[in-house]
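Top to bottom, those sequences are chains C and B.
Quick note: the first sequence, position 175, residue 174 per numbering that gives the first Met the number 0, numbers continuous.
Quick note: the second sequence, position 372, residue 371 per numbering that gives the first Met the number 0, numbers continuous.
Careful: at least some of the hints might be erroneous.
Unchecked claim - Only pairs whose alpha carbons sit at most 25 Å apart, straight line, appear in this in silico PhoX-like list of lysine-lysine: (1) C:Lys61 <-> B:Lys223; (2) C:Lys118 <-> B:Lys223; (3) C:Lys324 <-> B:Lys347.
Stated by the list, open to error - Computed footprint of chain B on chain C; a stretch qualifies when at least three of its residues, placed anywhere within it, have a C-beta under 8 Å from a C-beta of chain B: (4) 29 to 38; (5) 360 to 372; (6) 387 to 393.
Since the hints were derived computationally from the structure, they do not count as laboratory data.
Just so it is clear, the structure is predicted and the values come from calculations on it, not from any experiment.
Backbone N, C-alpha and C define an ideal beta-carbon position, used for all residues, glycine too.
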Amino acid sequence: MSTAIELIGITKRFPGVIANDNINFSVEEGEIHAICGENGAGKSTLMKILYGMQPADEGVMKVNGVEVDFSSPTDAIAAGIGMVHQHFMLADQFSVIENVILGSEPTTVGGILDFDTAKTHLAEVGDAYGLTIDPDDFVSELEVGERQRVEIIKVLYRGANILILDEPTAVLVPQEVEALFDNLRELKAAGSTIIFIDHKLQEVLEISDRITIIRRGKSITTVNAADVTAGDLAELMVGEELPSPETTESTVTDVVALEVQNITVLDEYGRPVVHDVSFKIHQGEVLGIAGIEGNGQGELVDAIVGMERPLSGSVYLGGLDVSLKSVRQRRDEGFGYVPKDRHEAGLLLVAPLWENAALGHQTKPPFAKGWWIDRKGSHQRTDEIRERFDVRSPNADVAAHALSGGNQQKLIIGRELIGDPKVIILAHPTRGIDVGAQAAVWNEIRSARAAGQASLLISADLDELIGLSDRIVVMFHGKLVAELDPAEITPRLLGSYMTGAALQGGAQ
Amino acid sequence: MSFTQFQKLPAYYRWPILAFVGIVVLALVQELTGQGLLTSTTTIQTALKWAMPILIAGLGGLLSERCGVVNIGLEGMMILGTWFGAWGTLQFGSPWWGLFFGILGGAMGGLLHAIATVGFGVDHIVSGVAINILAPGTARYLSDRVFAQMDGGSISQSPRVESLGGFTWPVLAKGPDLFGRVERLDWFIVSDVFGVLRGLLFQMSYLTAIGLALVPISAFLLTKTRFGLRLRIAGENPLAGESLGINIYRQKFIGVIISGGLAGMAGSLIVLDLAQLYRQNQTTGRGFIALAALIFGNWKASGVLAGAVLFGYPFGLSLRDLEGTATRSLLLVIAIALVVVMVWAFTKQNIADGILAGTVAVGSLLFFLFTNTAPSWLPGTMPYVLVLLVLVFASQRLRMPAAVGLPYRKGGS
Ligand SMILES: Nc1ncnc2c1ncn2[C@@H]1O[C@H](COP(=O)(O)OP(=O)(O)OP(=O)(O)O)[C@@H](O)[C@H]1O
Ligand SMILES: [Mg+2]
């Protein structure tokens, strides 16, 4: 076997941070090589350098033994490298095929797009790796799993044989992760080299051949996956034990904090996506909603926080009917909300951290003084969030896009939890957060619960869901179809409820 | 056919159907009020001439916004187009040269806007407003140096320039004149429709023909070519484009320069087709109306055409209609349109929207009933009122490019 990628002494500085500090790293041809490290360790930055999206300040890169100097992704693509980014790089209003061909469009005379050739090629790629997708669908209509597939197809379409996947599993449910891993194994068997970033250590151990640990911008070590346990990895990364999301004793009271009655939401074609859903959450209780993405959870949450008007049904917050209130008013009554997609609904990427921290609290102290924004108070509160939730950034004035993905997520969690809402809706709260920080977030959720907060938890991480919830309901095709006791359920059984298998007979 | 089915039709079916319905309504109102002017050939011709600068500048706005740059400087670029259009004609003796230099002048404005917004990251509105302030000043300065020295010119006006001229479509509008015959048959509605169509084809100016041709051309360019795809990604998700090796800066520069060129073309059209001389303040805010047409048209070429025709029509009418009685009957048209909106809103269980539309309809009807002539500000106000109505009632349907107006830096830094 020969070396596919060799990085020697890569250094990359941003104002106030050294993202990569003399990193040395090599990948053999045909292996699946994982990179692990805390949030902000510099994984994404290193991959962007390798993909030509950012120039390194120092260092040498070799691809298949030849020294290269990429000035744009075009060069990297030409060298056979493809990258799936941590955050989707798709245009929602483009069709799948338009997204795929962009940048390497087949054309007939005069630059007219040749969609027929493109679709044929897309189908070939899809068949070869078992990735099917309708080329004429608009990306805005796709579920996250399908979007991920489009991203991978984009890379394969260009004939890449070195694939970089930056946290591809963060948005996937276990079944989808399995499907992805099958694809990756096939790619590997076909001779591709894969670099893979992930915070879920079990997954890393399952799929990779070798693992490189990066800590604070430095490459610490490379180990064989067969030789280590998840505990070893966690220790190498953060120097801590692997935490588990087990709930402590129950703090559930009998005071109802949130009551949802008979909510029905229609989609644009008039079909119910949420069908007559009712539930209560008590103070000090965490209610988990299990379900494969696209079964109405998103619409339900939108209806509860007031972003979407349901066809019928009501929402009570501590006995108060908020059904007709706006998002703003609901937040003032005590709603907190961690959205599932931090870039879509959580952050203003071009705005500084302190403005992002003020979002949703902008009318109240310490963010505002009467009619005016209180800059000093906002900065203090932002620093408080940065400290308490370990948001790694040089200061509160950098733009949100300068944070690593996990640190962006921590900022949102901090913003929502620090206001002490009565009810908090947590959609995938630890998505993209490293193991150490994950434990910290879980602790925060638990102590808020102990203080009487009611939480609605949605998560694709079934261990997290089972570990944190006091009760779990399963959402399937827009309905709540089962209520389960987390003490008695395994991820596997929960998974079969989510796919509807357990409902059609079979397991109890 | 239900409303949703109608909405799924491709644009090239939908707009003609809507246009047909619009003409039918106009014809009905014409019968009701006895206003022969509403669909007469001359009115349509004037309306079309008024619509053209809005259309072409609107297409300019389309290209710019589709690549992610708000172009509020269209007005200024149009002004550059008027000046250079007149100058080119006078200098080189042919209106075609005028057109060429008009486009070039507008494109210079576009280049400036691109350098400021794309190159230096200046806020798009700030840069656009700056261009709108700079352009009339430049034009006035240049007029002083050039036109004021010429016979019949002054600091605010150029000597007369030659028109680009036009042509009448054979067979349909002359010779056998098929459309004209049907128009003269005086069949209810049918004759009106053919009156409108003949109005379009009779002595159509070359620039009108070019402008109309630009609609399918730009739609094709944007959706069916590599150039268009790469341009659009700059307005939808530039980072995604960058990650596939597309030079976003380049796309944006090209888009904004073309945008300026089209605005310049629209400006020279005013000089060469409508006024036949350059005059200060000749654009009278049509760059802004073009932006309104762009929003009204939901950032689509066919929609811009619809908006331009809709907004140009009242102007055309009011020019023909010296007493203002025909323009007044437009209030009735608006009332009818709003009643349709009301019914539609109620069937969608959108009570608040329905009530609002109904109220405005009643207001418009009362206005119609209690006046004899339309006030002179009506045509100029209608575009903005219509856009407001669209924003109120159809804002969920509007879809502007996702990243329009946002700053973009390579590498996300
Ligand atoms: N464009 C930028 N401008 C300034 N700083 C940046 C920029 N991009 C990244 N950084 C900083 O570089 C460091 C490394 O970021 P990077 O995104 O590589 O982390 P990561 O290892 O991918 O983390 P995560 O697991 O959270 O995704 C962080 O401290 C981040 O704040
Ligand atoms: Mg990252």
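A quick look at each hint next to the structure:
no. : hint                  : in the structure
1   : C:Lys61 <-> B:Lys223  : 38 Å, violated
2   : C:Lys118 <-> B:Lys223 : 15 Å, holds
3   : C:Lys324 <-> B:Lys347 : 21 Å, holds
4   : 29 to 38              : violated (count 0)
5   : 360 to 372            : violated (count 0)
6   : 387 to 393            : violated (count 0)
This entry does not satisfy hints 1, 4, 5 and 6, going by the numbered hints stated previously.
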